[in-house]
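Taken in sequence, the protein lines are chains E and Z. Take the first sequence: its position 128, counting from 1, is numbered 128 in this note's numbering, and each next residue is one higher. In this note's numbering, each number is its position in the second sequence, counted from 1, plus 153.
It should be emphasised that the hints constitute simulated quantities derived from the structure, not laboratory data. Treat the hints with care, since some could be wrong.
What the hints assert, rightly or not - Cut-off 27 Å, straight-line C-alpha distance, at most; resulting in silico cross-link-like pairs (BS3-like, lysine-lysine):
1. Lys-241(Z) <-> Lys-89(E)
2. Lys-241(Z) <-> Lys-170(Z)
3. Lys-184(Z) <-> Lys-31(E)
4. Lys-89(E) <-> Lys-31(E)
5. Lys-60(E) <-> Lys-31(E)
6. Lys-170(Z) <-> Lys-213(Z)
To be verified - Per the computed footprint, the stretches of chain Z lying under chain E, defined by three or more beta-carbons under 8 Å from a beta-carbon of chain E, are:
7. 201-210
8. 231-242
9. 260-268
As the list claims (entries may be wrong) - Partial selection, computed: residues in chain E whose CB lies under 8 Å from chain Z:
10. Leu-53
11. Asp-54
12. Asp-55
13. Thr-78
14. Met-103
Note that CB positions come from ideal geometry on N, CA and C, so glycine has one too.
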Amino acid sequence: MNVVILGCGRSGATIALQLSAQGHQVTLIEKSPEALRRLGKSYPCRIVIGNGLDDDILQKAGVQSADAFMAVTRGDNTNLMAAQIVQRKYGVDRIVVKVADPMRAEAYRRLGLTCINASALIAGMCIDWLMGEPYKPIDQYNVLAPEFQFEVN
Amino acid sequence: MYLILVGGGNVGTNLAKRLIASGHEVLILEKNPAQNQRLANLLGDEFVMHGDGCELHTQKTAGFNRADVVVAVTGEDEDNLVVCQLAKSIWQVERVLARVNDPGHEEIFRQIGIDETVSATGIIHSLIEQQIGGDELVPVGALHRGHVEVVESVLSSRSPVVGRAVRDIQLPVGTFFVYYMRDGNGATVDGDTVFRAGDMVLALVPINQAGALRDVLAAPS
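Input sequences plus hints: build the corresponding full structure.
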C-alpha cells in the first residue's frame, strides 16, 4: 500500500517504521528535520520536509496517488485541516486523524472523519480488556462528558 | 447583534474596538493569558474572555449557540478553519467569517462551506494589480458561492465606456454597475451617470460573463 503520514512524532515515526517493515511504500511529511531522529539511523521511507498544509508539499509527498493518509502531528487543527484538504482536494478516502481533544474528536467524527483520540482509545481498550469484552473498531473509542451533548447539523 | 471574535492579535483587537464603538455586543476570545490581560485593560473586562476558541467547552461558555456572527482572525489558518467549521456545524451560527493567511487555503475553506474569507495577501495583491493596469477587472468578493463576482475596475482614458451615459452601455446579461468612486467620493450608478477616466467602478457580474464585461470596459489593444 502507498501511505502518506503527516508528522514524525512518536506516533508517526512508529507507524512509518512498522508499515515500511511490512513492505508498504511510506512517505513521511515533517516540518522539522530534527524530528527525523525518531526513525533511527537509516530512514526506511521517503521523507518530505515541509508544511503539510501546503499543496506543493502534499503533492511532493504524492497524496494524489496515495491509498491512505494519516494526520498524526501534535496539532489537532493542523491534522484536521490537512485531512480535509487531502480528502476533498485529492480524493483520498482512507484517512485517519489524530485528535488529542476528545470533544473535537467527537465533533469531527460526526462530520464523517475517522478521528482517534489517544486517551479515549487507551482507556476504552483497557476497560474492554478488564471486562473481557472484544475490542471495537478504533474510531469507536471516545470519551464524551455526558453534560456535553451536541447535535451536528 | 452578538459577534464573537476568535484571536486577539492586531486584527482582532482593532476589529473589536470598532465593533464595540458601533454598539454591538462583542466578545473576543484569546488563549494567551498575557495578551488576554492586555485586551481586558484596553477594551474592558466584559468584552474579553480567556480561552481557546477551538475548544467546544470554551465555545459553549462564550455563547456560540446564540452568536449571530463568528469571526476567526488568528494568525493560523488551521485554527480559523476549525473555529468556523465548529461554529457552523455544531452551533448553527448563521454567519462565519475567516481570515485566511495563505491565499492557497481559500479553496479548502470554500469546499467545507466557509464562504466568507478575507485574505490580506489577496487584497494587497488586488490593490497592486489595480495600480499597475487600467481597465483590468479586479475581483474584490464573491457572492452566491462564487457564481457571482464583485469586481472593480479603474477606467483608463482609452476605455470605450468613458464619456458615455450608463444607459447607453450594452452590458452582458446579469451584469450591472453598482457604485463608482471619483476624486475620493463615492456615488451610486444610475442610467444618467457618465463615466470619466480615472473612475473606479464597482460591478456585479455572473462569473461566466466576466470576460464579456472586460471586453466592454477595456481599451482596444
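Now for the hints, and whether the structure bears them out:
1. Simply put, Lys-241(Z) and Lys-89(E) have alpha-carbon atoms about 21 Å apart, close enough for the 27 Å limit, and the pair holds.
2. For a cut-off of 27 Å, the pair hint linking Lys-241(Z) to Lys-170(Z) stands: about 25 Å separates their Cα positions.
3. Proposed proximity of Lys-184(Z) and Lys-31(E) is supported: the alpha carbons are some 24 Å apart, at most 27 Å.
4. For a cut-off of 27 Å, the pair hint linking Lys-89(E) to Lys-31(E) stands: about 21 Å separates their Cα positions.
5. A C-alpha spacing of about 14 Å is found between Lys-60(E) and Lys-31(E), which places the hinted pair at or below 27 Å, so the restraint holds.
6. Between the alpha carbons of Lys-170(Z) and Lys-213(Z) the distance comes to roughly 23 Å, so the proposed pair stays at or under 27 Å and holds.
7. Coverage of the stretch 201-210 of chain Z by chain E holds [criterion: at least 3 residues with CB-CB distance below 8 Å; count 4].
8. Counting residues of the stretch 231-242 of chain Z whose beta carbon lies closer than 8 Å to any beta carbon of chain E gives 8, which meets the minimum of three for the stated coverage.
9. Counting residues of the stretch 260-268 of chain Z whose beta-carbon sits less than 8 Å from any beta-carbon of chain E gives 4, enough to reach three: the coverage restraint holds.
10. For Leu-53(E), the interface hint holds, since its Cβ comes within 8 Å of a Cβ in chain Z; the closest pair sits about 6 Å apart.
11. The beta carbon of Asp-54(E) comes within 7 Å of a beta carbon in chain Z, closer than 8 Å, and the hint placing it at the interface holds.
12. Hint status for Asp-55(E) relative to chain Z: holds, with the closest Cβ pair at about 6 Å, below 8 Å.
13. Residue-level restraint check for Thr-78(E) holds (minimum Cβ-Cβ distance to chain Z is 5 Å; threshold 8 Å).
14. Residue-level restraint check for Met-103(E) holds (minimum Cβ-Cβ distance to chain Z is 4 Å; threshold 8 Å).
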